[in-house]
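Peer 1: Once you've looked at the hints, dock chains F and W against the given chain U.
Chains as they are written, first to last, in the numbering used here: chain U, 1 to 206; chain F, 1 to 206; chain W, 1 to 206.
Possibly wrong hints are sitting among the right ones.
Said to hold, decoys possible - Label-pair restraints from in silico Cβ distances:
1. F/86 <-> U/171: 44 to 52 Å
2. U/25 <-> W/195: 19 to 27 Å
3. W/116 <-> F/62: 40 to 48 Å
4. U/191 <-> W/4: 50 to 58 Å
5. U/62 <-> F/173: 44 to 52 Å
6. U/62 <-> W/81: 50 to 58 Å
7. F/167 <-> W/181: 42 to 50 Å
8. F/178 <-> U/90: 51 to 59 Å
9. W/75 <-> F/89: 36 to 44 Å
Since the hints were derived computationally from the structure, they do not count as laboratory data.
All values reported here derive from a predicted model rather than from experimental measurement.
Cβ coordinates follow ideal geometry from the N, Cα and C atoms, glycine included.
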Amino acid sequence: MNFLYSLDLLGTAAFAASGAMAAIRREMDLFGVLMLGLVTACGGGTLRDLLLGDTPPFIFKDETYLYLSVAVALLVFIFRHHLEFLHHPLPFFDAVGLGTFVVIGTGKALEFKLGLFGSVMMGVMTATAGGMIRDLLSAQVPMVLQREVYASACLAGGTLLYLLHRYTNIPHAWSLLAAALLVIIMRLLAIRYNWALPRANDFYRD
Amino acid sequence: MNFLYSLDLLGTAAFAASGAMAAIRREMDLFGVLMLGLVTACGGGTLRDLLLGDTPPFIFKDETYLYLSVAVALLVFIFRHHLEFLHHPLPFFDAVGLGTFVVIGTGKALEFKLGLFGSVMMGVMTATAGGMIRDLLSAQVPMVLQREVYASACLAGGTLLYLLHRYTNIPHAWSLLAAALLVIIMRLLAIRYNWALPRANDFYRD
Amino acid sequence: MNFLYSLDLLGTAAFAASGAMAAIRREMDLFGVLMLGLVTACGGGTLRDLLLGDTPPFIFKDETYLYLSVAVALLVFIFRHHLEFLHHPLPFFDAVGLGTFVVIGTGKALEFKLGLFGSVMMGVMTATAGGMIRDLLSAQVPMVLQREVYASACLAGGTLLYLLHRYTNIPHAWSLLAAALLVIIMRLLAIRYNWALPRANDFYRD
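Next comes chain U alone, as it looks inside the complex (with noise of 0.2 Å):
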């Protein structure tokens, strides 16, 4: 599944970026910006692999994954000043990741037998831990926990390859593609339209 593995990477290297980002918008110092980097790419993969009892973590396993990270993140810490480049292609390679993490995550769970609500909590989590791990570091409510449409897109997607691997005989594939497609395109759609999920203060709405 070299493909999977490419997009893997790709959504490994966004979210490494957007790490770095919010540990220099906290100025941090340098290795602040590496760790935070680390974390909120291989965060969520790492607390669904503890939860699974599958130990040591995949990170250790095929370190790829953490000199990528710190890759990144020292790029972004080097080139902190001229990183406008990236204001618009990065929230596309992140909902790249996204999608790819959740299909990943919940396709594990498949593999150890969690119930539906267990896998579809191993994709959201492994797409949104290391986000959370992030915000917790910066001292700040997480932001998945605040905002626009980032784990439901997600929950959309572990459902669907859920549904596909239990009760069709869809080759495992093509449900981890269109699972992935799911995900991928209601984020880019929220960003786009700015959609947003109902609020406890949504007072004019009531």
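Peer 2: Then chains F and W, alone, in the frame of chain U:
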């Protein structure tokens, strides 16, 4: 042990409600409310199972806990302007959950042959870690570190269970019941009489 | 390896004291002080063991660490108005703990056959994750992400140990000692001469 399981579900529901309310107070969106309900209710037991090496954690073996937590959080979100009726019973249910979670956690640690400190710690963690994660995700100093006889009640209950289990012949079910009751009663008395632990800044009492 | 064990306990005590002091500064109650002492001293090694899949973690196999941490935190709480005598020696003990924790963490990762990045990361994590959890529980951006040559000293020591172990025939005990000394000396020099890593906002030096 159907009675214990019923109390466990009651406690799970109470913890999920308190998590959902915290999310609403922080103006999170629907996903944030569901997610905070989930981690508050299930986070402590999940962390315990991770530390005991019993993976995947209990929530993935019996998804009832997951569905119940999300259902309660959803109800809290929907009826968020009409929750006054919960103000009186919630602390009571919360205390029941606290006592139940402590004895389940310490009891499981005893099965894994942990020592006194480890067993009591597992009980306290099962009961309080969910709330700590809830507070972390809300970017607040965890309530349990600052206020009232909350963790102390758990410590007392866990210690009692360990001692009864190791040094007496009392049937396990009775030990569980006695320890849970100790937690619940201490907690309710602490609320009623506003008990507090000494603090580092108690100038007037130094 | 009794000498290493003694250093380990010394480091545990120093870390517990720093955790307890942070809790006192945040005006937590007695439980919060004990708890922050405990997680600061034992959190890094616990996380390492979780990631290596070596459960239950070391603290549950030898409860000395738990009792020592809580005892130190309790002493700090009791004598909280008379801690000036700790101001000078504490950074020194802290540096000793840092060096010891790094070589214990990297050494254990080598036993588990992790690669270069993974092994060094385990050393850094063993030494710094406890302090990061301490800062998270105090709702602060972790100190290690912002200040001084702290993690860098750990990186250097972990890398030295890995290289000595893999590419030389030096006896393991000497490698451990050399790597630990490197961390301790770098850390003490960093304090003495106020070394710092470049930060993202170093405008005047860009």
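Peer 1: Next step is simple, just say for each hint if it's right about the structure.
Peer 2: For each hint, the structure was consulted:
Here the CB-CB span from residue 86 of chain F to residue 171 of chain U is close to 49 Å, well matched to the stated 44 to 52 Å. Restraint check, residue 25 of chain U to residue 195 of chain W: a C-beta distance of roughly 24 Å satisfies the suggested window 19 to 27 Å. Look at residue 116 of chain W against residue 62 of chain F: about 41 Å separates their beta carbons, and that is inside 40 to 48 Å. Between residue 191 of chain U and residue 4 of chain W the beta carbons are some 53 Å apart, a value that agrees with the proposed interval 50 to 58 Å.
Separated by about 48 Å at the C-beta atoms, residue 62 of chain U and residue 173 of chain F satisfy the suggested range of 44 to 52 Å. Taking 50 to 58 Å as the suggested C-beta distance range, the pair residue 62 of chain U and residue 81 of chain W conforms, at roughly 53 Å. Between residue 167 of chain F and residue 181 of chain W the beta carbons are some 47 Å apart, a value that agrees with the proposed interval 42 to 50 Å. Hint check: residue 178 of chain F to residue 90 of chain U, Cβ distance near 58 Å, so the stated range 51 to 59 Å holds.
Between residue 75 of chain W and residue 89 of chain F, the C-beta spacing of about 42 Å keeps the proposed range 36 to 44 Å intact.
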